[in-house]
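Just so you know, the protein sequences line up as chains A and B, in that order.
UniProt numbering numbers the first residue of the first sequence as 1 and each following residue consecutively.
UniProt numbering numbers the first residue of the second sequence as 1 and each following residue consecutively.
Treat each hint with caution, since some may be false.
As the list claims (entries may be wrong) - In silico lysine to aspartate or glutamate, EDC-like type, Cα no more than 20 Å apart, as pairs:
1) A:Lys124 <-> A:Asp175
2) B:Lys225 <-> A:Glu105
3) B:Lys225 <-> A:Glu113
4) B:Lys225 <-> A:Asp87
5) A:Lys132 <-> A:Glu105
6) A:Lys155 <-> A:Glu113
7) A:Lys155 <-> A:Glu105
8) A:Lys132 <-> A:Asp93
9) A:Lys132 <-> A:Glu113
10) B:Lys225 <-> A:Glu52
11) B:Lys225 <-> B:Asp36
12) A:Lys155 <-> A:Glu137
Please keep in mind that the hints were generated in silico from the structure rather than gathered at the bench.
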Amino acid sequence: MIEFQHVGKRYGGRFEALANLDFHVRRGEMVFLTGHSGAGKSSLLRLIMRLERPSRGRILVAGHDIDRLHPSQVPFYRRQIGVVFQDHQLLYDRSIFHNVALPLEIQGVEPREGARRVRAALDKVGLLHREKALPIELSGGEQQRVGIARAVVNKPALLLADEPTGNLDPQLSADIMALFEDFNRIGTTVMIASHDLALIARLRHRTLRLREGRLVGDQEAA
Amino acid sequence: MSRRPEAPARGARRHRTRSTSRLRGWLRHHRAMALDSAGRLLRAPVGSLVTMLAIAIALVLPAALWLALDGARLLDAELTESATLTAYLAPGVEAAEAGRIDEALGAQPGVASTRLITADEGMVEFQQALGLEDALARLDTNPLPASVVVTPIDPGPAAMRALAADLEALSGVEEVRLDLAWIERLRHIGELGRRVALALAVLFGSGVLLVVGNTIRLAVESRRKEIEVVTLIGATHAFVRRPFLYSGAWYGLGGGLLAWGLLTLGGNWLAAPVAALAASYGASFGLPRLGLDGSVALIGCSMLLGWLGAWIAVSRHLAEVKPR
Numbered sequence: 001m002i003e004f005q006h007v008g009k010r011y012g013g014r015f016e017a018l019a020n021l022d023f024h025v026r027r028g029e030m031v032f033l034t035g036h037s038g039a040g041k042s043s044l045l046r047l048i049m050r051l052e053r054p055s056r057g058r059i060l061v062a063g064h065d066i067d068r069l070h071p072s073q074v075p076f077y078r079r080q081i082g083v084v085f086q087d088h089q090l091l092y093d094r095s096i097f098h099n100v101a102l103p104l105e106i107q108g109v110e111p112r113e114g115a116r117r118v119r120a121a122l123d124k125v126g127l128l129h130r131e132k133a134l135p136i137e138l139s140g141g142e143q144q145r146v147g148i149a150r151a152v153v154n155k156p157a158l159l160l161a162d163e164p165t166g167n168l169d170p171q172l173s174a175d176i177m178a179l180f181e182d183f184n185r186i187g188t189t190v191m192i193a194s195h196d197l198a199l200i201a202r203l204r205h206r207t208l209r210l211r212e213g214r215l216v217g218d219q220e221a222a
Numbered sequence: 001m002s003r004r005p006e007a008p009a010r011g012a013r014r015h016r017t018r019s020t021s022r023l024r025g026w027l028r029h030h031r032a033m034a035l036d037s038a039g040r041l042l043r044a045p046v047g048s049l050v051t052m053l054a055i056a057i058a059l060v061l062p063a064a065l066w067l068a069l070d071g072a073r074l075l076d077a078e079l080t081e082s083a084t085l086t087a088y089l090a091p092g093v094e095a096a097e098a099g100r101i102d103e104a105l106g107a108q109p110g111v112a113s114t115r116l117i118t119a120d121e122g123m124v125e126f127q128q129a130l131g132l133e134d135a136l137a138r139l140d141t142n143p144l145p146a147s148v149v150v151t152p153i154d155p156g157p158a159a160m161r162a163l164a165a166d167l168e169a170l171s172g173v174e175e176v177r178l179d180l181a182w183i184e185r186l187r188h189i190g191e192l193g194r195r196v197a198l199a200l201a202v203l204f205g206s207g208v209l210l211v212v213g214n215t216i217r218l219a220v221e222s223r224r225k226e227i228e229v230v231t232l233i234g235a236t237h238a239f240v241r242r243p244f245l246y247s248g249a250w251y252g253l254g255g256g257l258l259a260w261g262l263l264t265l266g267g268n269w270l271a272a273p274v275a276a277l278a279a280s281y282g283a284s285f286g287l288p289r290l291g292l293d294g295s296v297a298l299i300g301c302s303m304l305l306g307w308l309g310a311w312i313a314v315s316r317h318l319a320e321v322k323p324r
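Go ahead and model the full structure; you've got the sequences and the hints to work with.
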């Protein structure tokens, strides 16, 4: 599903954020990406989302070299990836319903069909009863679940998450991770960047460890 | 990415329904964004009105100048139509001979009609025009020659000049006068005015682009977060641009309508003095109005400029957030 071939990323010609990354995430896998802040986790996810381009090497997603995508194709590529952000990236002037509906609106999905899918996604994350609320009225954990609902409303084959439990207490974090596991169980490839080592250890999935932009560990699921 | 395999026959039909539903979705988004951006403008009425007024003021000056030139063109055509030559006959030509010369002139090719003014008639006209009846009455002999006013078929300056030379060669004709200088001067002024109007239109049109561009730039700035988020989840540039383009077009529409109102108001305000001025010259000259074509052109140009200004503003922003 995701294949990195000797990928490196430099910023401003000097600072090497990522160096010689070589790994392969299979379809349907659930993978954690760990490392201290600044180890390159976010840079790696940004490369997969094609928010940035590698300075060297190739990145294949579903068999396609994403560096070769024409700029006009990039939006359509991104629609196939669900992304959960640490800071939620919700729009605070829209209701929960409309936040989750945003990817469908972008794709021009018919409103009635869209509403059905939005409610299904909100139901999955347990927030169906809050669909009319504004994000500001929700707790951090609830906002994160809205972010997850928005990421999966499209039924993407690949789900990326950048520190999805960053500011949550252990119980909420475990709930969020359980949600990701649910999506993984129905065939979604999931990649989660997190520095919550205790939680990761308990979940027993494959873990890629980054240090100073290099891959220093690739531990298969126990 | 992962699509369920489909039978080819169904695939074709599915493709068609998918593209029609995509078209429907696209139209739906256009409608939604047109309404949404109109709503945003209405929710900030003062700011929107100021922008529209700025557009209107920028449009009024070139449009008014263009209208004035249009009026001048009408006037020019009228003057050209009334362009005549005057053939002064040699002094001492008798009335009977003057009649014969008049007929000879009328038979010349290129002459539409002639009108003989005898020496006596000329004197009467002269006295009336100058109000010098007393002074002229004291003259013993009439110093004025008889003259023939010739209306040419072709009122163009070159044709008039050639005809004048031909007529001057006839016996009994002393001199042919054609007063083209002031007609030509008027034409030069008209040409100058047209160029000034064009330059002003370009300048003020750029002004409209800047006004709308700046307004939209601020709108983009205030919705930066939203643009960022929708781009992250796969919005195309067209999708991001759309609401702003509609805003630009709405600003243009409002500005165009205001400009139209200002022109109509100004036209009514100036109509009375212009008519009085024209009457004092014995002409019936009214200010030209925009008319349907002109109104559509004005408002259409205004909307187009608004749209273009928005396009430039959003595109600049989108170019900034391109991935490295």
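Going down the list of hints, with the structure as the test:
A threshold of 20 Å between alpha carbons decides the hint, and for A:Lys124 with A:Asp175 the separation of about 12 Å falls inside it, so the pair holds. About 17 Å separates the Cα atoms of B:Lys225 and A:Glu105, which keeps this hinted pair within 20 Å; it holds. Of the supplied pair hints, the one linking B:Lys225 and A:Glu113 is violated, its CA atoms being roughly 27 Å apart against a limit of 20 Å. Restraint check: the Cα-Cα separation between B:Lys225 and A:Asp87 comes to about 12 Å, which is no more than 20 Å; the hinted pair holds.
A C-alpha spacing of about 17 Å is found between A:Lys132 and A:Glu105, which places the hinted pair at or below 20 Å, so the restraint holds. Restraint check for A:Lys155 and A:Glu113: satisfied, since their Cα atoms lie roughly 14 Å apart, inside the 20 Å limit. Straight-line distance between C-alpha atoms of A:Lys155 and A:Glu105 comes to about 14 Å, which keeps the hinted pair within the 20 Å bound. Only pairs whose Cα atoms come within 20 Å are accepted, and A:Lys132 paired with A:Asp93 is accepted, the gap being roughly 12 Å.
A distance of roughly 18 Å separates the Cα atoms of A:Lys132 and A:Glu113; the hinted pair therefore holds under the 20 Å criterion. Between B:Lys225 and A:Glu52 the alpha-carbon distance is near 18 Å, which keeps this suggested pair within the 20 Å criterion. Our distance criterion of 20 Å between C-alpha atoms is met by B:Lys225 and B:Asp36, whose separation comes to about 18 Å. Straight-line distance between C-alpha atoms of A:Lys155 and A:Glu137 comes to about 27 Å, which puts the hinted pair past the 20 Å bound.
Of the hints listed earlier, those the structure fails to meet are numbers 3 and 12, in rising order.
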